[in-house]
Amino acid sequence: GQQLNQSPQSMFIQEGEDVSMNCTSSSIFNTWLWYKQDPGEGPVLLIALYKAGELTSNGRLTAQFGITRKDSFLNISASIPSDVGIYFCAGLNRDDKIIFGKGTRLHILP
Amino acid sequence: GAVVSQHPSWVICKSGTSVKIECRSLDFQATTMFWYRQFPKQSLMLMATSNEGSKATYEQGVEKDKFLINHASLTLSTLTVTSAHPEDSSFYICSASLAAFRDYEQYFGPGTRLTVT
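Chains W and D, in that order, are what the protein sequence lines are.
Here the numbering used here is used: the first residue of the first sequence is 2, the next is one more, and so on.
Here the numbering used here is used: the first residue of the second sequence is 310, the next is one more, and so on.
It is possible that part of the hints are untrue.
To be verified - Using 20 angstroms as the maximum straight-line C-alpha spacing, the simulated PhoX-like pairs for lysine-lysine come out as follows:
#, chain 1, residue 1, chain 2, residue 2
1, W, K98, D, K364
2, W, K71, W, K52
3, W, K71, W, K98
4, D, K329, W, K103
5, D, K373, D, K329
6, W, K98, W, K52
7, D, K323, D, K364
8, W, K98, D, K373
9, D, K323, D, K375
Hints are computed from structural coordinates only; laboratory data are not their basis.
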C-alpha cells in the first residue's frame, strides 16, 4: 500500500536552533499535510499544501510541496520548548483518506 | 471552533469484556467520522470511516465484528471493542469532518488509551 517515509525518526536539538524534517513517498499525493501530536493527544493540523512547488508558512513553520508531488519538507525556525512533540507528515490519497508517516520526534535539550 | 471530544480518555478493562468509546463533535455536525489506532511510537492507522446513518467502511485487515462502529447522529460516533484482548491495547483516536470542509479537514479528538489486562 501507500507509505510515507519520514526522516529523521527523532531529533535532539538546542533551544533556538532551526529544525528540518522531510517526507518522501513512492506514490503521488495531491495534498500534503503536516500535523503535530503532543503526548496523549490527537494530532493538530499545522500546514496543508495543495499544489506542487507550493511553499506555505504558519508562524515559525514553513512547509513545501515537492515538485514531483512525492515529497514534502517542514522547517521550524528558532525552536522553543513548546515545539517538543511528534510531527507527522500525511498525504491525502485518491480515496480522500489520510495516509500518515511514522513521525519525527522532536526533543529540545535543556 | 471544530472541537472533537472523546470519552473516556483512558480505560482499563479485563480480557473478554467489551469497551465503548465515544467520539463527539461539539460545535459542528460531522457527516463523516474516522477511527484511527495508534500503537506506541507508531503512526496513526485508519481503521474505519463512518457516515451518519449508514454502515461503517472498514479498512482491510480490521475485523468489523470486533470493532463495532455506530454513527447514530451527526455529532456522535461510537467504537465498541468487543471481547477485548491484550493485543487490542492501543491509543484510539477519532476525527470528524463536515461535507462542506475540504476533504483533509478532519478534526481529531484527544484520543482514548485502552489497556486490556
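Going down the list of hints, with the structure as the test:
{"no.": "1", "hint": "W/K98 to D/K364", "result": "holds, 17 angstroms"}
{"no.": "2", "hint": "W/K71 to W/K52", "result": "holds, 12 angstroms"}
{"no.": "3", "hint": "W/K71 to W/K98", "result": "holds, 16 angstroms"}
{"no.": "4", "hint": "D/K329 to W/K103", "result": "violated, 27 angstroms"}
{"no.": "5", "hint": "D/K373 to D/K329", "result": "holds, 14 angstroms"}
{"no.": "6", "hint": "W/K98 to W/K52", "result": "holds, 18 angstroms"}
{"no.": "7", "hint": "D/K323 to D/K364", "result": "violated, 28 angstroms"}
{"no.": "8", "hint": "W/K98 to D/K373", "result": "holds, 19 angstroms"}
{"no.": "9", "hint": "D/K323 to D/K375", "result": "holds, 16 angstroms"}
Against the hints set out earlier in the document, violations occur for numbers 4 and 7.
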